[in-house]
Amino acid sequence: DTEVTQTPKHLVMGMTNKKSLKCEQHMGHRAMYWYKQKAKKPPELMFVYSYEKLSINESVPSRFSPECPNSSLLNLHLHALQPEDSALYLCASSRIASGSITDTQYFGPGTRLTVL
Amino acid sequence: SQQGEEDPQALSIQEGENATMNCSYKTSINNLQWYRQNSGRGLVHLILIRSNEREKHSGRLRVTLDTSKKSSSLLITASRAADTASYFCATDARGSQGNLIFGKGTKLSVKP
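Sequence lines, in order, name chains B and G.
FYI, in our numbering the residues of the first sequence are 95 to 210.
FYI, in our numbering the residues of the second sequence are 205 to 316.
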């Protein structure tokens, strides 16, 4: 199984809502990532989890809260978002994430988020 | 600052022609990867080339890496309409803990 799954595929939420994005992989990967991608732009890294511990937070606002319940699951909790947060949110995983080795990242299909 | 920069930003060719996309980066890297993305969906990994490699092939793909010029190229031979997508290079700065930085991408359109 070389698939990364993400749910939901589409999400529309108001600025006062609380929602969560979910990501799952069963490849035994120990690194998982959240990226944000605006239209016609490249993906931008938000968070990296390595062995279920947050290793990188790229100065992301606190209205985005990541969680890694176990090695297969990654959540992104959303609260009080702004319309400019509307984007495609991509999850990825790789075997490892270390200072000396960069591994192939496998991406999910993304969640298209619209904040009204 | 952004690590990778692709050119051209957009490329339109006929089926059967070859497509060449270039990527330049700024700092020393462990490796460089190329990804493909269809219509704002997930990215698909195409090929990884390590900093001590100069050329790599995978099917119709050929990637070169010139670390002295801090540049890479992706060649797709005998293109097909199904190759229509955006192509991104991604690099990792040494010591970056796996942090990939993506270039702006090249949007390739292959006309049947």
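Treat the hints as calculated values from the structure; they're not laboratory data.
Be a bit skeptical, because a hint or two may be false.
[Claimed, not checked] Far from chain G, some chain B residues (derived; all Cβ distances over 12 Å):
(1) V98
(2) Q100
(3) M107
(4) G204
(5) V209
[Unchecked claim] A partial selection of chain B residues facing chain G, derived with a Cβ cut-off under 8 Å:
(6) P102
(7) Y145
(8) L148
(9) I150
(10) L182
(11) L184
(12) F201
Beta carbons: idealized from backbone N, C-alpha and C, even for Gly.
Restraint outcome when B:L148 is required to lie within 8 Å of chain G by C-beta distance: 11 Å, violated
Under 8 Å is the threshold here; is the Cβ of B:Y145 close enough to any Cβ of chain G for the hint to stand? 12 Å, violated
Check the non-interface label on B:V209: least C-beta distance to chain G beyond 12 Å or not. Non-interface label on B:V209 holds, nearest chain G Cβ at 17 Å vs cutoff 12 Å.
Would the least Cβ to Cβ distance between B:M107 and chain G come out above 12 Å? 19 Å, holds
Would you check whether B:L182 satisfies its interface hint, that is, whether its CB is within less than 8 Å of any CB in chain G? With a minimum Cβ separation of about 6 Å from chain G (threshold 8 Å), the hint on B:L182 holds.
The hint names B:I150 as touching chain G; please verify it with the least Cβ-Cβ distance against 8 Å. 6 Å, holds
Beyond 12 Å from each Cβ of chain G, as asserted for B:G204: B:G204 not clear of chain G: closest Cβ-Cβ about 5 Å, inside 12 Å.
Holds or violated: B:P102 as interface residue toward chain G, Cβ cutoff 8 Å? At about 14 Å, which exceeds the 8 Å cut-off, the nearest Cβ of chain G leaves the hint on B:P102 violated.
Chain G versus B:V98 - minimum CB to CB distance exceeding 12 Å, so not interface: With a cut-off of 12 Å, B:V98 comes too close to chain G, as the shortest Cβ separation is near 8 Å.
Satisfaction of the B:F201 interface hint, Cβ to chain G closer than 8 Å: 4 Å, holds
Decide, holds or violated, for the assertion that all CB atoms of chain G are farther than 12 Å from the CB of B:Q100. Since the minimum Cβ distance to chain G is about 8 Å, B:Q100 lies within 12 Å and the statement is violated.
Evaluation of the interface hint that places B:L184 against chain G, nearest CB under 8 Å: With Cβ-Cβ at 6 Å, under 8 Å, it holds.
Checked against the numbered hints given earlier, this structure breaks hints 1, 2, 4, 6, 7, 8; the rest are met.
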